[in-house]
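Chemist: Residues per chain, in single letters:
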Amino acid sequence: MEESSSTSNSTSNKGVKVVGFWVSLFSQRVRWGLKLKGIEYEYVEEDINNKSPLLFELNPLYGKVPILVHDGVSFPESRIILEYIDQFWPHNPLMPLDPYHRAQARFWAKFADEKLLDPAWFVLNLEGEDQERAAKIVSVHLEKIEEMIKGKKYFGGNTIGFLDLVLAFIAYILPAWEEVASIKMVDPSKFPGIATWTDNFLNHPVVKTEYFPPKDQTLSYYKCRRHELLPLYKSYGNKIWTYIGTQ
Amino acid sequence: MSDEVILLDVYASMFGMRVRIALAEKGVEYEYREEDLGNKSPFLLQMNPVYKKIPVLIHNGNPICESLLILEYIDEVWKDNKSPPLLPSDAYHRATARFWADFVDKKVFDLGRRLWTRKGEEQEAAKKEFIDALKLLEGELGNKPYLGGDKFGYLDVALVAYYSWFYAYEKCGNFSIEEHCPKLVAWAKRCMKKESVAKSLADPIKVYEFTLMLKKKYGLE
Chain E
1 MEESSSTSNS
11 TSNKGVKVVG
21 FWVSLFSQRV
31 RWGLKLKGIE
41 YEYVEEDINN
51 KSPLLFELNP
61 LYGKVPILVH
71 DGVSFPESRI
81 ILEYIDQFWP
91 HNPLMPLDPY
101 HRAQARFWAK
111 FADEKLLDPA
121 WFVLNLEGED
131 QERAAKIVSV
141 HLEKIEEMIK
151 GKKYFGGNTI
161 GFLDLVLAFI
171 AYILPAWEEV
181 ASIKMVDPSK
191 FPGIATWTDN
201 FLNHPVVKTE
211 YFPPKDQTLS
221 YYKCRRHELL
231 PLYKSYGNKI
241 WTYIGTQ
Chain S
1 MSDEVILLDV
11 YASMFGMRVR
21 IALAEKGVEY
31 EYREEDLGNK
41 SPFLLQMNPV
51 YKKIPVLIHN
61 GNPICESLLI
71 LEYIDEVWKD
81 NKSPPLLPSD
91 AYHRATARFW
101 ADFVDKKVFD
111 LGRRLWTRKG
121 EEQEAAKKEF
131 IDALKLLEGE
141 LGNKPYLGGD
151 KFGYLDVALV
161 AYYSWFYAYE
171 KCGNFSIEEH
181 CPKLVAWAKR
191 CMKKESVAKS
201 LADPIKVYEF
211 TLMLKKKYGL
221 E
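Chains E and S supply the protein sequences, listed in that same order. Per this note's numbering, residue 1 is the first one in the first sequence, and the count goes up by one each step. Per this note's numbering, residue 1 is the first one in the second sequence, and the count goes up by one each step.
Worth double-checking, as some hints may not be accurate.
Said to hold, decoys possible - Under the rule of at most 25 angstroms between Cα atoms (straight-line distance), these lysine-lysine pairs were calculated in the BS3-like manner: (1) S:K106 / E:K115; (2) S:K53 / E:K110; (3) S:K40 / E:K110; (4) E:K239 / S:K106; (5) E:K136 / S:K53; (6) S:K53 / E:K239.
Think of the hints as simulated: they come from the structure by calculation, not from any bench.
The task is simple: from the sequences and hints, build the whole structure.
Modeler: Spelled out as structure tokens, the structure:
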């Protein structure tokens, strides 16, 4: 868990704060986004398992992290925050420049959060046949991601961009969940493109120098979550499949 | 070379209506193709292989899916047309508009659907949450003529399509939306004065009949 103080030189950088949770993949997107833009920010840690009144003050509708606070105004929802950052500080663009590729980037970002993350979360928190079934769903959706990265260094092309940041969880969170749940989701032999991109992404000079959740703590955290959630999700029975949708 | 624009859609779909309004606002000529969701065309499955849903906008052979993303695309491509931009120009208002449009999709759609498909306690609970959600949007509207401010915009387009479904919700839920959210209904009627909205929204009676047909089909009566 880190806090860095803001030492802004330009007036437009005044009062940039990120309210996040140390291991949250959503908070991490915003931290990388600001880093890629060279924007210094103050980080405020929020324990999402023990939410403070501040969180609901800044995000009354959802009470979730991350929240970007800029010049006193708060913005929730990581994908919306990234587009805000990109528009307000237009240098080093995160989004593609033409409308069609922008639409594609937004589409796949939404897809990742809605279709990939949910079943992957269930892979972490289920066991046996249910877990395998969730893993199969993840695999089917990953095929589409694999198709997209073919022939490209990053999802953004030659430079890292919005979609790389949104999909970053594939590079470091899914492997952590795989280890905790003892099941493979992103098999490098099945997804060589994603494997190469993972290396490129994690070794990117800017990505590497920003805060990154410590591996051991990450594994311990998700071990605890699995321990808590296994019995609960088991009790949901078939409702889970209605929620995720079928393959 | 002129643009080729095709819209794959379903008459009663509020998501489709959003796109129709935006295209009308921009004065874009397009070919409308009605899909039968019980028998989806191979073309739809080819253009939206991931979700297999409408609406899909196909512009010079390139498909764009997801209604809110289509709105942004339309706004970015046809930006020199006769009408002002749909999305606010500054980053703050743009983020706010996107946030509320996302809220509409997350909450209003699901709650509305539960309202007309469920019965008894479940329906009552959905009704209450639905009204609460609309009240939040009413709060966002405040005293402005439109959700976009002085001008009709992206967030207005995102929400006003639901107005064609209000009659169906009210009949199924046995309540009056206007009684709980008079400002919002007044806003919707104001939007309906615009030609782009009036000609794009489905007839509420036809929407209600559509829900009755679906209820019968899926045994939800």
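Chemist: None of the hints should be skipped; say for each whether it holds.
Modeler: Each hint, compared with the structure:
1. S:K106 / E:K115: Roughly 15 angstroms between the alpha carbons, so the hint for S:K106 and E:K115 holds.
2. S:K53 / E:K110: At roughly 15 angstroms apart (the allowed maximum being 25 angstroms), E:K110 and S:K53 satisfy the hint.
3. S:K40 / E:K110: holds, 23 angstroms
4. E:K239 / S:K106: holds, 19 angstroms
5. E:K136 / S:K53: Measuring from Cα to Cα gives roughly 22 angstroms; hence the hint holds.
6. S:K53 / E:K239: holds, 23 angstroms
This entry satisfies every hint, going by the numbered hints stated previously.
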